[in-house]
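Asks: Taken in sequence, the protein lines are chains F and S. Residue numbers for the first sequence follow the working numbering, beginning at 1 and rising by one. Residue numbers for the second sequence follow the working numbering, beginning at 158 and rising by one.
It cannot be assumed that every hint is accurate.
Dumping the calculated DMTMM-like pairs for lysine to aspartate or glutamate here, alpha-carbon to alpha-carbon at most 25 Å [said to hold, decoys possible]:
1) S:Lys203 <-> F:Glu12
2) F:Lys148 <-> S:Glu209
3) F:Lys148 <-> S:Asp259
4) F:Lys148 <-> S:Asp183
5) F:Lys148 <-> S:Asp210
6) F:Lys148 <-> F:Asp23
7) S:Lys218 <-> S:Asp183
Hints were generated in silico from the structure; no laboratory data involved.
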Amino acid sequence: MPDAARDPAALELLRVQRSRLADRLRPPWWYLPGIAIVWALTFAAPFSSRFSPQGVRIWPILLAVLAVACLLQWGLARATGVAVAVGSLRYPSGRTAEIAIVVLAAATIWTEFFLIDRGLTGVAIAVAALAVLAEAALQQAHMRGIRKDLRAGGGAT
Amino acid sequence: MTARPDPLIHPITRLSICGLLATGADWIEFAALRDAAGVSDSVLSKQSRVLEDAGYVEVRKGAVGRRPRTWFRLTPQGRQAVEGHLAWLAEMEEAVSASTRDVQQARSLAGDRDQPRRVPPSLLGNS
Chain F
1 MPDAARDPAA LELLRVQRSR LADRLRPPWW YLPGIAIVWA LTFAAPFSSR FSPQGVRIWP
61 ILLAVLAVAC LLQWGLARAT GVAVAVGSLR YPSGRTAEIA IVVLAAATIW TEFFLIDRGL
121 TGVAIAVAAL AVLAEAALQQ AHMRGIRKDL RAGGGAT
Chain S
158 MTARPDPLIH PITRLSICGL LATGADWIEF AALRDAAGVS DSVLSKQSRV LEDAGYVEVR
218 KGAVGRRPRT WFRLTPQGRQ AVEGHLAWLA EMEEAVSAST RDVQQARSLA GDRDQPRRVP
278 PSLLGNS
């Protein structure tokens, strides 16, 4: 077996291999639509809480969001062969995008409640639709960050 | 983290496996690890067994339908050993590149010495 220490290219080889691994973490075609569904369900919650009958609660929607999100995570790991903590702040290059995802979600939900309370339902729907697109774009940026960290080995805990 | 060589991780195949598992992924599947490391099924099986026996790698076996799936990840002990070994390799790489730089610098200085010296015109006078 070759000796790593005597091989000056050992670290270079590892960089190439890490790059190969990072390239595998390209989401399949269904991943982005799935993310859009998760956020569409999330941003539908304020409408549901205001317009649905008294007996209908917000919890079924949140449970559905959680179920779809878990399914997406599982599917991504299965399709790529690499399981990463997509929802965590562990990866420095994806941290900004992850924080932006959370801040945008909170801001969108607050804005939706604000607009619905003032009777501007159409505007609230438009805001929600734009937020879904923005969240999908941010998710892509987050995945790019994770790939970058995998390449550099910087996502190690 | 202490930069320290680990004889178990030292062989290039095990270094590749451990280095890939230390990238930050939670778990890596057998085929993904095999393709990224560029080794055969049998080599990966054999070397991962060695690493598992040493307590460096955790193995999770499952199945999707009839297809068996094996997932790997580093244990905390393995992660510590890999990070120490990679730091040691990086130090070696730095030392090698520093000595290469020194040799190049020495050569360029020797080359300068061999060149005929030019006297600035101001020192030549007007004659």
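Asks: Give a verdict on every hint.
Replies: Results of checking the hints against the structure:
With a CA separation close to 24 Å, the supplied pair Lys203 of chain S and Glu12 of chain F stays within the 25 Å bound. The hinted pair formed by Lys148 of chain F and Glu209 of chain S fails the criterion: a straight-line CA distance of about 28 Å is larger than 25 Å. Between Lys148 of chain F and Asp259 of chain S, the direct Cα distance comes to roughly 33 Å. Violation of the 25 Å bound is thereby established for this hinted pair. The hinted pair formed by Lys148 of chain F and Asp183 of chain S meets the criterion: a straight-line CA distance of about 16 Å does not exceed 25 Å.
Straight-line distance between C-alpha atoms of Lys148 of chain F and Asp210 of chain S comes to about 32 Å, which puts the hinted pair past the 25 Å bound. Taking the CA atoms of Lys148 of chain F and Asp23 of chain F, the gap is near 10 Å; set against the 25 Å cutoff, the hint holds. Taken as a hint, the Lys218 of chain S and Asp183 of chain S pair is honoured in the structure, with Cα atoms around 15 Å apart against an allowance of 25 Å.
The structure shown violates the earlier hints numbered 2, 3 and 5.
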